[in-house]
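Got chain L; can you put chains Y and X on it based on the hints?
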Amino acid sequence: MRRRLADFLPLLVIWLPLLISVAHVVGFTAWTTWLSFTPSDLLPEYDWAGLRSYRAVLRTENTEIAYANLLVYGVGYVGLTMIIGFVLAVLIDQRIRAENLLRTIYLYPLAVSFVVTGTVWSWLFNPGQGIQKFVNSLGWTSFRFDWIIDRDFALYTIIIAAVWHGVGFAMALFLAGLRSIDPDLHKAAQIDGAGPFRFYLRIAAPGVAPIAISVLVILLQYAIKTFDLVRALTGGGPGISTTLPALVVYDFMFQRGQLGRGSAAAVLLLLSLIVVLLPYYFYTHWRARRERTNG
Amino acid sequence: MRIRRRDLLAGAAAAATLPLAARAQVKPRVTFISQWSSGSDGAAITGLGKRLEAEGGIWQHSPVPGFTTEMMNKLRADIIAGNPPAASQLKGPEIAAWCKIAPTVNLDPLVEAAGYEKLIPTELVGLHKPQGHWIALPMQVYRTTTLFMSRPAMAKVGATKAPKTWAEFNELATAMKAAGIIPVANGGIRWDDGMKLEIALAGINAESYRGALMKLDSKALKSADMLEAFAQLRRFANWMDPNIAAQHYSVNLPKFLKGEMGMLMMGGWAQGVIKNLGGKLEDVLITSAPQNEGKPCFVLNADSMIFWKRKEPDLTAGQQLLAKLMMQKDVQEQYSQTTGSIPVRIDVDLSGAAWSDGQREAAQVLNESFKSKRVLLSLAHNMAQPNQISSAMIDVLTEYVHNDKVTPEQGVQRLAAAVDTARG
Amino acid sequence: MDKALRPGRWLIYAILFGFALFTLLPLIVIVLNSFRTAVEIGRSSLIGWPAGLAWRNWSEAWGHFCIAQRCEGIRPYMENSFMMVVPATILSTALGAIAGYSISLWRFRGDTIVFAIVVMGVFLPEQMKLIPWALVLRELELTNTIGALVLIHTVQGFSFTTLFCRNYYIGIPQDLMKAARVDGAGYFRTFWRIVLPLSPPILIVTVIWQFTGIWNEFLFGVTFTTGVQQPVTAALIAIATTPATDVVEYGVESAAVLLAAIPTLLVYFFGGRYFLRGLTAGAVK
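Chains as they are written, first to last, in our numbering: chain L, 1 to 295; chain Y, 1 to 424; chain X, 1 to 285.
Only chain L is shown next, with the shape it has when bound in the complex (with noise of 0.2 angstroms):
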């Protein structure tokens, strides 16, 4: 009777979360995308309505432009958030005399909320009461950063300030990447006369391959989850040129109060987020196939 029960209890234990999980993920995509065929309004109706929700949700110019925005808004957060966060990494891992200190300062933003962050830097980005201002005051009468107010530009002050509080977590995966390459290969490069530019490219960038994919990974995810940043910053505008997807689902749902279509936009959401992550799925199995092959 014990053995029955010391087999069981790990089953429990073990699939019990799961499963929960599991529920709690399949069921909550199902329901919503279920909930995009309905024309439901303020609550959920469960009829069936086809592809207008869809059809709505696509017509309408916010949606056009959120994705054109996702595109430069996450290429360019996610691109520049990795750049720079090698960077600072390889910067740091010369030995610097002053890490503790840095990585300190580094961090310190993944603690700040998106909504902290958002409100903040709309202050500073506000040219008449900001930066601009400030550097007028200075005596540098002609300088002007107005990219909040302009709608060309708007988007690029949300990249800077979703890159400020991201590179952080950047450079501390690609310090403990770079930090995790063999101490033997360092000397051996030594020995070859390679120098450290030759190293970092040659060496050490694909040895830190892996974790840049863990890395571009959850910064992707929280790229295409972008809300409580553009609330803050510019409120989806100037007019509506900084507006991003999860603002377009939050607008339709909640906003409109038209649940059929703001689920309807969240399936388009989840679907350009399976575009991206297919990719990365297939990479994981190619290494692995590949490990086999050649381990």
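Hints were generated in silico from the structure; no laboratory data involved.
Beta carbons: idealized from backbone N, C-alpha and C, even for Gly.
You may find that some hints are simply not true.
Some chain X residues flagged as far from chain Y (calculated, every beta-carbon gap over 10 angstroms) [said to hold, decoys possible]:
id: 1; residue: PHE22
id: 2; residue: LEU32
id: 3; residue: THR37
id: 4; residue: GLN174
id: 5; residue: LEU176
id: 6; residue: ALA180
id: 7; residue: GLY184
id: 8; residue: VAL207
id: 9; residue: PHE224
id: 10; residue: ALA235
id: 11; residue: ILE237
id: 12; residue: ALA238
Derived SDA-like pairs (lysine to any residue); straight-line CA-CA distance at most 20 angstroms [claimed, not checked]:
id: 13; chain 1: Y; residue 1: LYS275; chain 2: X; residue 2: PRO50
id: 14; chain 1: X; residue 1: LYS178; chain 2: L; residue 2: ASP7
id: 15; chain 1: Y; residue 1: LYS311; chain 2: Y; residue 2: TRP59
id: 16; chain 1: Y; residue 1: LYS311; chain 2: Y; residue 2: PRO109
id: 17; chain 1: Y; residue 1: LYS275; chain 2: X; residue 2: THR37
id: 18; chain 1: Y; residue 1: LYS280; chain 2: Y; residue 2: LEU147
id: 19; chain 1: X; residue 1: LYS178; chain 2: X; residue 2: PHE108
id: 20; chain 1: Y; residue 1: LYS280; chain 2: X; residue 2: VAL39
id: 21; chain 1: Y; residue 1: LYS100; chain 2: Y; residue 2: ASN83
id: 22; chain 1: Y; residue 1: LYS161; chain 2: Y; residue 2: GLU361
id: 23; chain 1: Y; residue 1: LYS258; chain 2: X; residue 2: ASP183
id: 24; chain 1: Y; residue 1: LYS118; chain 2: Y; residue 2: ASP330
id: 25; chain 1: Y; residue 1: LYS280; chain 2: Y; residue 2: LYS311
id: 26; chain 1: Y; residue 1: LYS311; chain 2: X; residue 2: ARG138
id: 27; chain 1: Y; residue 1: LYS280; chain 2: Y; residue 2: PRO152
id: 28; chain 1: L; residue 1: LYS133; chain 2: X; residue 2: PRO50
id: 29; chain 1: Y; residue 1: LYS405; chain 2: L; residue 2: ASP7
id: 30; chain 1: Y; residue 1: LYS311; chain 2: Y; residue 2: LEU147
id: 31; chain 1: Y; residue 1: LYS405; chain 2: L; residue 2: GLU64
id: 32; chain 1: Y; residue 1: LYS255; chain 2: X; residue 2: GLY48
id: 33; chain 1: Y; residue 1: LYS50; chain 2: X; residue 2: VAL228
Relative to chain L, chains Y and X alone:
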């Protein structure tokens, strides 16, 4: 399942005492949800609560931080959970939309007893009786078509009175711009931008406003008046401070009070904000926005409370008490004096010292407009249309204000298209 | 390699400290603003040196400021946040560790699929989960309680924690596991004796990540609680949202934001070194 005699007796005894116990225990109680957590709105709703308590009730208010959307999320979550508040904030066409998803209380007996219906503007009545009987009550009224003028700015250009038509307004604005004053103080938040159009259109032709923005008649939406309104909106945009975007209009007030900005088109509530900032109302001239037709017209924004059906006797009693209080003159006076709005009842006397000139002027215009049937509902403040339509329309308007490459013709087209998509 | 970089070493320090300044900029601005009065800020701008030390902002923010008609500052909300974050962090970390352990070291049928689905949860946007959670809470009769938030954050955090832990545990050498099995240790004993002692790096990473994420969360905190139970994010939003009839108290808002950020800042301040160590030990692969 056998029912024993003991149980029957116990049951009968309990039933016999129940009415007595219930009657002895019922203290009217109200659970309330709103977004009014601070400022003068918060003070006013707290004042209402204190009044309820003074009359023997229990007041349980849960303000939701954020804006109206957050409040509606909370309301929806509570409704889904089967636990709606006894009453909640809700306004305009949303009352009609939301009453379909949860049962409400029929207030007709109370309203008739107070003879209330004839005391409030007709446009408001319809909004609160979407299914033919009263389920909600208005709390206060604001006018959105108010023009505030900075006296120092006026002095600088030698203007002595407020412009009465858009032509006069445009002249004055040009003069101000030439004198180095920013003519239009605008914040750049969505509803602010949206308001500018409704003020322009209402000032051009009230009936066009009614047809286009309230009835969504496609001919009215594409009419010459609408084109003119968009042209005027473009003029406003060109006269705004280019350094302001997506900010609350109050950031402009310091400059406005000093005379560096000339004119503010805002709802009557701006009075309270000016006072809070330490501004002196003598420095400001408050009047109606320009009216090309020369006749008074009032674009209305009102806050209301809706009553959700509850079974509990203490909540039902609380609802009755709250409704009765909300319809009373003294309660409305207290509320409006706190927030700077106008009472809903048109029979309130505003000549006392507790009221400002701005409130008096607005109330007078309301009365006159009521009589000449020129009371309109605000689009930007979600009175004229339900949120799904007004959101789409305001998207177009705020884009238009911030994107000077959109011509008035294109603006008109986009607005009509947005209405179609939102409706379809 | 050291020597080769020495001439350029000043450049390295310049870049590093330059970026550090950029990173510190918002913090400096908000700390300065927390010592300025609203009148000062209103008159000049949002970037500026305080005229005096307006400690009043801090005492107001902590204990006196009227939020939602209760004039007790943000202290009660901080307490609520703690009551929510601590259990949720502990639970989600513990469950994630066990799940990560199971998936990586005790292979079973369908473990890859299950793991993939659980990790998918990391990507679901919050907005689409609002109403489903409302329905679930209704069934469980948990609406308007701190327990509701603990449940939500535990379930949602589980996806993250499982991801982190599984990626870490997979680096534990199979020999250790074999040795344990030879000694007759079962599922629990192996976890207790072998896996857990190796876990501190990843557990710290997970705890820091969860604590920060849950502490800073706003949407669910506002929607599923009322009045007295709301977390501190709700209070911050209440201070920051200006009704159309009022003026923003930037000074008090800054002080409140700093006070609310202190727990997470402390976590990163003291845990930063371990965060990095945990990552180096292979937390995220």
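**Prompt:** Taking only the CA atoms, is the gap from LYS405 (chain Y) to GLU64 (chain L) under or equal to 20 angstroms?
**Reply:** 18 angstroms, holds
**Item:** Given hint TRP59 (chain Y) paired with LYS311 (chain Y) - CA-CA distance at most 20 angstroms
**Value:** 18 angstroms, holds
**Item:** Given hint PRO152 (chain Y) paired with LYS280 (chain Y) - CA-CA distance at most 20 angstroms
**Value:** 12 angstroms, holds
**Request:** Mind checking the alpha carbons of LYS280 (chain Y) and VAL39 (chain X) for me, to see if they're no more than 20 angstroms apart?
**Result:** Holds, because 16 angstroms separates the two Cα atoms, which is no more than 20 angstroms.
**Proposed proximity, GLU361 (chain Y) with LYS161 (chain Y) (alpha carbon, max 20 angstroms)** = 16 angstroms, holds
**Message:** Need the status of pair LYS280 (chain Y), LYS311 (chain Y): alpha-carbon distance at most 20 angstroms?
**Reply:** The given pair, whose Cα atoms are some 50 angstroms apart, is violated under the 20 angstroms limit.
**Asked** Going straight from one Cα to the other, do LYS405 (chain Y) and ASP7 (chain L) come out at no more than 20 angstroms?
**Response** 72 angstroms, violated
**Message:** For LYS280 (chain Y) and LEU147 (chain Y), compute the direct alpha-carbon distance and say whether it is at most 20 angstroms.
**Reply:** 16 angstroms, holds
**Asked** Quick one, are LYS275 (chain Y) and PRO50 (chain X) close enough, alpha carbons at most 20 angstroms?
**Response** 25 angstroms, violated
**Hinted pair LYS178 (chain X) and ASP7 (chain L), Cα distance within 20 angstroms** = It holds: about 18 angstroms lies between the C-alpha atoms, which stays within 20 angstroms.
**Prompt:** Do the alpha carbons of LYS50 (chain Y) and VAL228 (chain X) lie within 20 angstroms of each other, as the hint requires?
**Reply:** 19 angstroms, holds
**Prompt:** Checking the smallest CB distance to chain Y, is PHE22 (chain X) really beyond 10 angstroms?
**Reply:** Correct as stated: the minimum Cβ-Cβ distance to chain Y is 23 angstroms, above 10 angstroms.
Violation of the numbered hints given earlier is confined to hints 9, 10, 11, 12, 13, 23, 25, 29, 30; the remaining hints are satisfied by the structure.
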